[in-house]
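If you read the sequences in order, they're chains A and B. Heads up: the first sequence runs through residues 1 to 309, numbered per our numbering. Heads up: the second sequence runs through residues 1001 to 1563, numbered per our numbering.
Be careful, since some hints might not be right.
Partner residues are not named here, just some residues of chain B that face chain A (Cβ under 7 Å, in silico) [claimed, not checked]:
no.: 1; residue: H1123
no.: 2; residue: Q1220
no.: 3; residue: F1226
no.: 4; residue: G1264
no.: 5; residue: L1427
no.: 6; residue: R1431
no.: 7; residue: G1432
no.: 8; residue: V1536
no.: 9; residue: D1539
no.: 10; residue: S1540
no.: 11; residue: H1541
no.: 12; residue: D1544
Derived EDC-like pairs: lysine to aspartate or glutamate, alpha-carbon spacing no greater than 16 Å straight-line [unchecked claim]:
no.: 13; chain 1: B; residue 1: K1093; chain 2: A; residue 2: E133
no.: 14; chain 1: B; residue 1: K1414; chain 2: B; residue 2: E1426
no.: 15; chain 1: B; residue 1: K1147; chain 2: B; residue 2: D1367
no.: 16; chain 1: B; residue 1: K1093; chain 2: A; residue 2: D126
To be clear, the hints were calculated from the coordinates, so they are not data collected in a lab. A virtual CB, placed ideally from N, CA and C, is assigned to each residue, including glycine.
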Amino acid sequence: MLSRIAESLFWIGRYVERADDTARLLDVHVQILLEDPWAEEDLACRSLLSVMDRPDPPADLDVGREHVLDVLGYDRFSPSSIAGALVAARENARRAREIVSTELWECLNASWNQLPSQMRPARPHDYFTWVRERAAIVTGIIESTTSRDDTWHFMVLGRSIERADMTARLLTTRALAGSAGPSWATLLRSCGAHEAFLRTYRGNTSDERAAGFLLLDRLFPRSVVYSLNQAEASLAALEPIADRTTIDDARRHIGLVRTNLEYRPLLEIVDALPREMELVQRACSAASDAIRARYFPSGAELTWVGEAL
Amino acid sequence: MLPAVQARRGARLGVLRRDGVVVSRNATLTRADYIRAMADLFDDYPAGTAWDEMIGPGGEVRTAYRHVHSALAQLSAGELRARADTLARSYLKQGVTFDFAGEERPFPLDVVPRVMGGDEWEHVAPGVSQRVRALEAFLADVYGPQKAVADGVVPRSVVVSSTHFHRAARGIEPPNGVRVHVSGIDLVRDSLGGWRVLEDNVRVPSGVSYVLSNRRAMAQTFPELFAALRIRPVVDYSRRLLSALTAAAPHGVDDPTVVVLTPGVFNSAYFEHTLLARTMGVELVEGRDLYVSGGRVWMRTTQGRRRVDVIYRRVDDEFIDPVTFRSDSLLGCPGLMTCARLGNVTIANAIGNGVADDKLLYTYVPDLIRYHLGEEPILPNVDTWRLEDPGALEEVLDRLDELVVKPVDGSGGKGLVVGPRATRAELDVLRGRLREDPRGWIAQPVVQLSTVPTLVEDGLRPRHVDLRPFAVNDGDSVYVLPGGLTRVALPEGQLVVNSSQGGGSKDTWVLGGRVPRRAQTQHQSLPQAVPKDASVPIDSHPSDVRGQVMQQQQQRTTGGSTC
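The shape of chain A in the complex, shown without the other chains (with noise of 0.2 Å):
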């Protein structure tokens, strides 16, 4: 395959699954804002922008819930906002598109072409489910359709990476606000595992539970060590272990982060959470750059100027 085809499959993977966990963030944030009255807006905003890496606005400014909504859920340019991750996934298919199957293409773009008329930001929620949504589609296109060689790999392998980090950063929002953050509940609300929590704990819930499910459940799908474990097994199926030492610093990475994780005791990460979940960023950062270095050596930068795009 293609370097840049396969790099395009990876971050189709990536910025599918941004825009959905983006879109959980965002939307369990909004609905916390609204039903509690003794949220800290301006706090809670804060802190979400900064776990998303966006600057922070100047502290005179009253941050509420629409500019965090602008920032990470409308702006169509930032690829890291959740419209600017599915016009990024969207374009990236566009390159891809050979190898892409006419389903996944259909389904990108159909969501592309959909994405002014939902963003309307009088009902948010609407717009979060809609991208949700979209993603599941996507999801259920690629485990129904795709053969499972290399390019279904690196598609999960971009998902998983993706998945793992998002998680990251939501525990993070967690501990730096403290007690005007959200609670343990609407963090495992916002992804999905409210209820799979509850379901398997009862009534027996507790803080250190909670992020104990959200960190190291091995059966929930959006756990950080589930996400990083899948992530291995793509790498693995990309490119079995030949030698009998050394091992791609991808995986090296991605396994050393997840075995700190599961081998430690459950507190001392708690403990130290925020410093803990930028451990996983990093690798995850680490792992993203060490896999284009390895699968999507680029020549010379090109820079098409003009109406090429």
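Could you slot chain B onto chain A? The hints should help.
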């Protein structure tokens, strides 16, 4: 202009086209509609005889409603209907439905919320809690020593003639002394605005799921109101309920298994059963999933049998155990009562609670509050005739056309007759039945229930409402869910609000209050400062970053909306 901004402007009401047609997302309105729509929604709101909770007799807006009123007044009729559509769609999608004459319908949720000031709630909530405590004490007494009967507070005949007084429940001691784990006390406001208790529900009160889902749907539809008002949250309910049920587990059980027992998918409140089981994270069982062995209750699972310790049952007494009650019942579990008597399982709410919400016993509740608690009732009853009292039957028969007559063991508004609205023939039939069975009926003056503006065909009109606050008793304290279920009678002048009679509901907002002390654990200290620039960058495809730059350049040069 950025497309995102364009989209936002377009979302307001619709666009007035040059030919005078307004193109809105939901409907096509003519210019006349548009102009009418611009008028204040409250312009021709009629002043009724009943207490209107939003607008006083002089046309002034009451304090609690000030914000809601001004927010609604800014909306046009079209906008308000669009929001109502959103609510209805959200309900159909969620499956928030109830069974109406064999058909599953979305539970009608009105767009105008009912608002209570914090001070008002501080009067209602203790009143509800007091009532629950008194009924709890009465039930413990009536299935035990029966001191209240011996002391003449309640006649023995009232107790033993109640269809819901079950001798089988005598001597079953609940582990933490709680029989009324969940209750719904129906309240109304009379024409002077005073709160009164209309009836008690301590068997299997339903409707709390609507409180939870109403709140969610309203928050998504009216984000601006939620942002501006401090509305007390209701999400805590399931957690409170689960902890109350857990607290009621038999002695010596460390990690009790709680289940919700439902009659099955065809029950009118099935939605509620699933919601409660889901949000508590417990199993939702039907009678056939349970069996009794060795004096304990078990459920059949793929991993073999599992012991059940607490059953939050939503099945009526008569159906819960075919050995003790109706032998033809398929909804219960044979032998359940034996296990309860052995103290190996807790049934919540307890069997036989119906004696306390019998409508004839209702007339004795103020006395019971004084007797058991030594307190004056905070919330008064509605005046009620007991037909067995000397002279009462004659007076009631004489004034039947101006009274409301209710069967004592009915619920859901079944069998209720509103005198002023009944035909002569109906009243004649009723007279016969009252003479035959005076124990079976009570009579009350027609209470002009308070009204709240409600969106109907003609716009906002006053419609009668009641309120069912829900209380959860965990043995230490009685928690009253802020707000409760407001039911509204949609037909004009209709005073019966039950959903089985075509009623709808309103989200009930209790404003203000103290900031709750959040659970502080060792891991969440003071809010940490948000570290700036310490965040990990979010990667993206290198070509996309380049594309981003170029797109922005294109935007700047063409200023266009192409993308």
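Structure-based check of each hint:
no., hint, in the structure
1, H1123, "20 Å, violated"
2, Q1220, "4 Å, holds"
3, F1226, "4 Å, holds"
4, G1264, "21 Å, violated"
5, L1427, "49 Å, violated"
6, R1431, "52 Å, violated"
7, G1432, "53 Å, violated"
8, V1536, "4 Å, holds"
9, D1539, "5 Å, holds"
10, S1540, "4 Å, holds"
11, H1541, "4 Å, holds"
12, D1544, "5 Å, holds"
13, B:K1093 x A:E133, "14 Å, holds"
14, B:K1414 x B:E1426, "15 Å, holds"
15, B:K1147 x B:D1367, "14 Å, holds"
16, B:K1093 x A:D126, "12 Å, holds"
The structure does not agree with the numbered hints 1, 4, 5, 6 and 7 stated previously, though it agrees with the rest.
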